[in-house]
Amino acid sequence: MKLVVAIVRPERLNAVLEELYKADVQGLTITRVQGHGGEREQVETYRGMTVKMELSEKVRLDIGVSNHFVEPTVKAILKAAHTGSVGDGKIFVLPVEKVYRIRTGEQDEAAVTPVGVPAHG
Amino acid sequence: MKLVVAIVRPERLNAVLEELYKADVQGLTITRVQGHGGEREQVETYRGMTVKMELSEKVRLDIGVSNHFVEPTVKAILKAAHTGSVGDGKIFVLPVEKVYRIRTGEQDEAAVTPVGVPAHG
Amino acid sequence: MKLVVAIVRPERLNAVLEELYKADVQGLTITRVQGHGGEREQVETYRGMTVKMELSEKVRLDIGVSNHFVEPTVKAILKAAHTGSVGDGKIFVLPVEKVYRIRTGEQDEAAVTPVGVPAHG
Amino acid sequence: MNQGDIAWMLTATALVLLMTPALAFFYGGLVRGKNALNTMMMSFVALGFVGVLWALAGYSLALSPGGPFVGGLSHVLLRGVTLEASGAIPHLLFMAFQGTFAIITAALISGAIVERMRFSAYLVFISLWMLTVYAPVAHWVWAADGWLYNWGALDFAGGTVVHINAGVAAFVAALVLGPRKDYARQAFLPHNVPFTLLGAGLLWFGWFGFNGGSALGANTSAALAFVTTMLAPAATLVVWTLLDLVRNRKATAVGAATAIVVGLVAITPAAGHVSPISAILLGGIAAVPSYYALLFRVRTRLDDSLDVVAAHGLGGMVGALLTGVFSEKAWSGVADGLLFGNPGQLWIQTAAVLATIVYSAAVSFTLLKVIGAVMPLRALASEEALGLDVSQHGEEAYAEGDGAILVLPDRETPTAPAFASATAQGGRS
Amino acid sequence: MNQGDIAWMLTATALVLLMTPALAFFYGGLVRGKNALNTMMMSFVALGFVGVLWALAGYSLALSPGGPFVGGLSHVLLRGVTLEASGAIPHLLFMAFQGTFAIITAALISGAIVERMRFSAYLVFISLWMLTVYAPVAHWVWAADGWLYNWGALDFAGGTVVHINAGVAAFVAALVLGPRKDYARQAFLPHNVPFTLLGAGLLWFGWFGFNGGSALGANTSAALAFVTTMLAPAATLVVWTLLDLVRNRKATAVGAATAIVVGLVAITPAAGHVSPISAILLGGIAAVPSYYALLFRVRTRLDDSLDVVAAHGLGGMVGALLTGVFSEKAWSGVADGLLFGNPGQLWIQTAAVLATIVYSAAVSFTLLKVIGAVMPLRALASEEALGLDVSQHGEEAYAEGDGAILVLPDRETPTAPAFASATAQGGRS
Amino acid sequence: MNQGDIAWMLTATALVLLMTPALAFFYGGLVRGKNALNTMMMSFVALGFVGVLWALAGYSLALSPGGPFVGGLSHVLLRGVTLEASGAIPHLLFMAFQGTFAIITAALISGAIVERMRFSAYLVFISLWMLTVYAPVAHWVWAADGWLYNWGALDFAGGTVVHINAGVAAFVAALVLGPRKDYARQAFLPHNVPFTLLGAGLLWFGWFGFNGGSALGANTSAALAFVTTMLAPAATLVVWTLLDLVRNRKATAVGAATAIVVGLVAITPAAGHVSPISAILLGGIAAVPSYYALLFRVRTRLDDSLDVVAAHGLGGMVGALLTGVFSEKAWSGVADGLLFGNPGQLWIQTAAVLATIVYSAAVSFTLLKVIGAVMPLRALASEEALGLDVSQHGEEAYAEGDGAILVLPDRETPTAPAFASATAQGGRS
Ligand SMILES: Nc1ncnc2c1ncn2[C@@H]1O[C@H](COP(=O)(O)OP(=O)(O)O)[C@@H](O)[C@H]1O
Ligand SMILES: Nc1ncnc2c1ncn2[C@@H]1O[C@H](COP(=O)(O)OP(=O)(O)O)[C@@H](O)[C@H]1O
Ligand SMILES: Nc1ncnc2c1ncn2[C@@H]1O[C@H](COP(=O)(O)OP(=O)(O)O)[C@@H](O)[C@H]1O
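Chains as they are written, first to last, in my numbering: chain A, 3 to 123; chain B, 3 to 123; chain C, 3 to 123; chain D, 944 to 1372; chain E, 944 to 1372; chain F, 944 to 1372.
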């Protein structure tokens, strides 16, 4: 089991969700985050005060998947989140030791297969 | 050391916190997130426009615990967050290599034992 | 590759960012979170109702770094986030199996080196 | 008719109408974000339903000649409500001014049952309530042939008719509907206190029309009512702030907003009857009972969620009784109160208060039971957990739009997987 | 001159001026958070640019003696606009009252092109539009030598001049600018519906000055216009709510806010011409076309983002035509409509509507094309994605301040790495 | 007395009272979210404390007959303040109208010391300041026996009394309290710019009562003051927007809100004294010094957090002096200024400005030092970091309620572990 953590542009979120759906990835959790990287900061002015905004809005996706699902998931994100200009974001793949589905207590494999969707592999 | 990551319903949060307290788990961090899974989406209408809401409000808990604490922690969450209807959420257990307590620089075990609470095990 | 997850006080965020910059760490993602630990809760009153606030505002940093970068990163955070009073927060170091840069598809090492900054080591 | 009187009454009517949106914000800020729109809508719809019903029938029942207990039907459908003078202003304008009172009174009740009442049941309730409770009580107190009017009860701008009346109905409604899920187990915090302050500020502003306008002209009585409406809440705010500081060294903003409303409620029946100095005393005194009523209420099982009883019911009673104490013929030209040698007035006031309480409680209770027999009064527990904005109105107050999938009306496919429908659209543009 | 008339017109003018900030909130709440300030600024700048231009030239073009189609230059730079009476009030005050109409009319258009138009292009557009479209049409309808005025077209407070005029310009602007990026692919949700409700509440409040003030004095005509302005939107709100409940068992808050505005728009031309009961009917009827126009619009490619056409354009037309139906000389002393035996009025109204549509469409289109030839009308796609608040105004509506690095003016170093500049400052304190 | 005059003054008084809640939003939007309530409360409490003190003593000190420097005690506790006419309106109403000025003047000062001053110290300060600084200066300028009044200083609605006075006190307060923690190191961003725009809109609306009402009747002078109050800020807004666009091609919303206030401040002393065209010039000119003062202030160590000095102090001075330049007897019937052949007026204006500056600075400084000797003026650094809403008021402006544990009053157990107390409650329901 792995946890795929992706940081993407907010305006690409819908596209990413579509692509993930096509890849049969349905369970996921998103968080609004702010990121800093190589992007040019934007400048803002409030009355006399000029500020540089170090952080830009991003969205973080956390997706728990079974091993053979990691690749399609990553592929889908790479495809849908890509714009080519600095700031597209990153994907991290983390090892997971155990997963539980709270509703049923099911574990691992079974736990990440959303209701009504046939388990894969 | 492990990091227990749980996604639960907002309305169950207080119950989960109580249960965790009973299990002597005090240190934790929560994040407001949105999730997608098997739940029925809700439909909203704004003027002529009808939209399906893919994402439902959830709360994410991140709890760093020493190994022998993983089980009670997971048990507590499974118990308190459970409603039985689709959307109860997931628990992920991730391996952790190192933990530091910023205030003291303490590491691992010592780092996750909140002040004033006797270290366990 | 590791993912350094740090929970710090909001008012220390700018200091932490400065320190990280000095340590040549540029890529990072932050999230506004709420934490519970050993801190004294604050009491609030709304009309007749008195409430104890269990959770205090924190900021979470997620920083993906190559192994030899873990130490300087942790050091920088420990230094800049420290105030000495309860509530300074924690640092977790998690193993990462793979990292992708969405813009280029680059992986691991290469993926976490922001544009225009020479890769280290 | 004199243009000056018309000018002021036009202004006053607009000011009172603004109080209902203001109430929407006062209330809306105090609830949780997931119920913000529902709470605000409970005020806004009153502008529509109560407003129209008032013109069609309510005005006639309240203020056309009839018996001592209710008006007649002579002005139904605004028959005979023309531009001819009624007092110093056009009859039609008088009707509208009175209508704005009916609207806000009905909306006030909502504070007791927010975050759980079904919206359609609420709609039915306030519509019937205005016709069966508000209109008659208004007739008692303000109509030339109303029994309390002829008995000499003093109510300058609606302490009994508006505030006690709404407060009692709120008490009954909170009892009948029962407390919110997890009430007294969990803390429900105001999601936007600035909105509550905005509401309080606009309410005060509008209240100058409410009390000042009740003189029905731009005369010295209006000036007196106006100034007491400025001084009394100021005094309430001072006392409330000091009570807060003494109790736990923190002057709360929600408290300040509440104090302003309590002071306004308390001066309402007295506005044109008492001296400015008495207004300051009255406002200061009125802070105390409501302040402690709030502290007490949370220990009870009565989930009067936004404390309509403590603020309007109790505040209104204190005001109505103190009107019987502080009234000064020298200022109002009407009647003296206890302090000025006319203890009788206090008894009349007390009787008026009790009569209003009994009638409002009885009929409000009956109404709710009847409606409850026809349709559920409460939202489902699951709807309450989800929030009434989404469950009752199909909207969010503060939508992010993340993962919102547009459903094109002409190709609505509720069954099809959501992302797919999105993809479909992806295809067409 | 009588103080009562002056008192009311001072109040009315202040009320109408408040409508433009109110519109900023009505519109601002409906857009996404990243465009909130831009949307609000589009209303606020009208207070400045249109306001000043009105005084300098617009007033003269609109309301000084001239030909049937446009006014003269006799009042340019306010020459001859003194404190002498014009009607019942000082000429200067009349000029100001009319100015507040020009301001809000220009601001109304912005609803069609929010979230994508370049701010400076917008500034130029509304400035020229007021001079070339608003002023002439106002002259047609309200000037003693205007052709529609002399032809007997009824427009009590600006159904054609203000609402149809703005609605048509909005339609043209939406077409010329084209839809927002991802329009009809993604859902754009209102970021703050309470703001929209606040706007609706304040608009209603201000509209009492708009319609009531159009009687230009504190007279019975003002009273009639005032009361119809209270009853018509109430009826629209009732009908709209019921349509919502019937359609999908949910009464929406955005719908309620919209209904209020539609009702206000519809009664505007009729306010002083119809009976109160007719106003209720008119308001109720007006809900229907706009309600379905909204449902239809989203199926089209016309990104009239905040539905100015459906609310103001269509609402204005329905109101203007129904004025020709419900007008009652018995109430207004002016003219009867179809229902009262004067079908001719309906044709005059129709002609006035058509004339306004044609002229407004033609000139608005030309203006946009000309401006578009000189400067880009639209923000870049990247700016649209980032949000117009940051890209056009260099601000965020709701800034957290996380990682905001202060740049001291005297040591601005745009090239130097940001954190470093922060460090530098770290050094100095 | 004439109803028209009373009607307008009732309206005007309500409008000015609304300015203080409006100010709460103008200021509240500009601070960080954790200090929003504290900032708003600083305005709201003035409604209570200053309002009551004004009635009890302030009015007498300011406007009862006394010496050239301060009024007497004849009207203390409102003795002799009746419904008899004072000028065209009831004396009591005049007192109330003047009171609303005292309230907002005191509240204006708070902008300089937000986000750090202890609330109780602030309460004491503004209460004493109104009695010792505002009341005397008001007497100088507006009382029949005030020295500046008799000397012929022109201040139509309070440029010196209100704005310079508050601006100077703000300057002193900012100096005495010192800058906020991390000032000039970190950027403090406005947490809700729409609130600031709302405040600006409502301030403008209320200011029509402020300036228009200062004619104390519904006369041509009121009409002139009203219209100049509409035109001057419009011109300021235009010039400010252009300066913004020229400087960095972005017209800021905070700038627009500021411009409106600056224009209103500048026209205040001149409102009834200058021609409409002069008002446009005056408003346009006034934009420049304040615009650059803001740019300059941030380079200094003076943490006048919300720029009261630049907006009110400087704007007030510019307005007061330009009143000496543009005044036109032909319009006001009072006096001519420099441009109309009376250079002397400019010197009188200058003297009035200087006198106000010196007196206000001296007494404000003394007051703060005295209070500072009795109680701490500043919140602790830790309280400042936590935010003043929680530390001073025990509330959050926008509470989520996550992990909020209800403490039942009757079983308060501050020592017991929090979750446990929750469990206890879990047990009982
Ligand atoms: N090392 C990192 N750890 C965590 N998040 C990162 C890291 N580097 C970048 N990010 C996230 O990815 C976003 C884009 O990264 P950036 O370097 O700016 O562009 P690109 O990935 O196209 O080079 C950042 O805003 C940040 O949220
Ligand atoms: N694979 C996953 N990875 C991350 N989060 C998930 C995953 N699957 C579900 N979740 C989270 O759990 C929540 C509930 O999951 P869902 O499948 O809808 O219900 P259930 O867990 O009861 O089957 C989702 O809203 C989402 O936040
Ligand atoms: N075991 C844990 N897992 C996750 N986050 C934690 C844990 N313990 C503490 N935290 C986070 O660190 C913050 C500070 O911890 P706390 O124990 O209160 O102070 P200290 O670390 O100084 O002892 C908490 O508010 C919480 O956000």
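Quick caveat, the hints were computed from the structure, so don't treat them as lab data.
Cβ coordinates follow ideal geometry from the N, Cα and C atoms, glycine included.
Some hints here could point you the wrong way.
Among the chain D residues that face chain C by a calculated CB cut under 7 angstroms, a handful are [said to hold, decoys possible]:
id, residue
1, Ala1130
2, Val1197
3, Leu1237
4, Leu1238
5, Arg1240
6, Val1241
What hints, given by number in increasing order, does this structure fail?
Violated hints: none at all, because every hint is consistent with the structure.
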